[in-house]
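> If you want the building blocks of each chain, they are given just below.
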Amino acid sequence: MPLILHGLTPIHWVVAGFGIAAITLALLFVANRRLGISTGLEDVCSFVLPAPYFTRDAVVRARHWRMPFIAGLVLGGFLSAVLGGGFAPTWDLGMFDQVIGFGHAGKLTWMFAGGLFIGFGTRLAGGCTSGHGIFGLSNFEFPSLVSTLSFMAAGIVTTQLVYRVIF
Amino acid sequence: MALLYLAFGAVFGFLLSRSGAADYNYIQSMFLFTSFQLYGIIGTAVVLTAPGIWLIKRYGRTMLGRPISIELKPQHRGNIAGGVLFGIGWSMCGMCPGPIFVNIGEGKIYAIAALAGALTGAGLFGAIYTRVQGFFRLPRLAVGTGDG
Chain V
38 MPLILHGLTP IHWVVAGFGI AAITLALLFV ANRRLGISTG LEDVCSFVLP APYFTRDAVV
98 RARHWRMPFI AGLVLGGFLS AVLGGGFAPT WDLGMFDQVI GFGHAGKLTW MFAGGLFIGF
158 GTRLAGGCTS GHGIFGLSNF EFPSLVSTLS FMAAGIVTTQ LVYRVIF
Chain R
928 MALLYLAFGA VFGFLLSRSG AADYNYIQSM FLFTSFQLYG IIGTAVVLTA PGIWLIKRYG
988 RTMLGRPISI ELKPQHRGNI AGGVLFGIGW SMCGMCPGPI FVNIGEGKIY AIAALAGALT
1048 GAGLFGAIYT RVQGFFRLPR LAVGTGDG
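So the protein sequences, as listed, match chains V and R. Those letters in the first sequence? Residues 38 to 204, per the working numbering, in order. Those letters in the second sequence? Residues 928 to 1075, per the working numbering, in order.
Keep in mind that a hint or two might mislead.
Stated by the list, open to error - To give a feel for the contact side, a few chain V residues facing chain R, derived at Cβ under 8 Å: (1) Phe66; (2) Leu78; (3) Val97; (4) Ala99; (5) Trp128; (6) Met132; (7) Ile137; (8) Gly143; (9) Trp147; (10) Met148; (11) Leu153; (12) Ser175; (13) Ser184; (14) Ile203.
To be verified - On the chain R side, residues computed to face chain V include the following (Cβ under 8 Å): (15) Gly947; (16) Leu1012; (17) Gly1025; (18) Asn1030; (19) Tyr1056; (20) Gln1060; (21) Phe1062.
Treat the hints as calculated values from the structure; they're not laboratory data. Glycine residues also receive a C-beta, built at the ideal position from the N, C-alpha and C atoms.
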């Protein structure tokens, strides 16, 4: 199955898994950093929201590495587009367009709603696919196993409902 | 150091972009059990990261000789409740937090709405932390739910 991005063929999962492991271990070995992306959402919030949750030390002190790391994610996506056929802003959403449809406004609403679940859920869970799923599982942390099973199960149920029942 | 983190993020983002981990169709195919790709990626990453972490902890120091200290994530009811909410969002957007940023970089316009939602959701959670703390048995505010 080609990627939505320029119809590119994805790299093999072994290569991708190896690369992700290499970055995770490099962050730890070079800088004693625990991979985790959803906390970065709190770092962004901490610039504008005065709530005590965002002004606590753990959040503010981590900005200096999480913000450039997140900026790097955007840069990596940008380079991938440029090197893979050029940067061309798009509304293309694969299966969603074929099965669910919706116009641009509907798509933005759907994405915003999904984003609310992602932001609230990852922070309540204390991590996302990277912090719980990759690092936590690899470090044999029980809360990470519980969270990973929870978000995998909920994702499976939601997608099955959306694509096999509702639409 | 900021440039180093930027570079790490860029390589990580490029991998997510080109592997299908930041691709709506691949995320749905994972949840529909019609593609092995994402299971293979996550599985390989964990199988390789686990012994790596073990070795680094055994060595006990970073490359620059500073002590390794991994803060473990606390256990609380939010692990399940938050995980379920996040799973719903991951399915809806076809993106987890990292790929939201990657998709913005790729030029996927709708990913900006996903980011706006995610920041609003995280902001809302932080704003009501002390009110849901008891119900979800969350750690004290200074600790938070777990960084990562």
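> What hint numbers does the structure not satisfy?
As far as the earlier hints go, 3, 7, 8, 14, 20 and 21 are violated by this structure, in ascending order.
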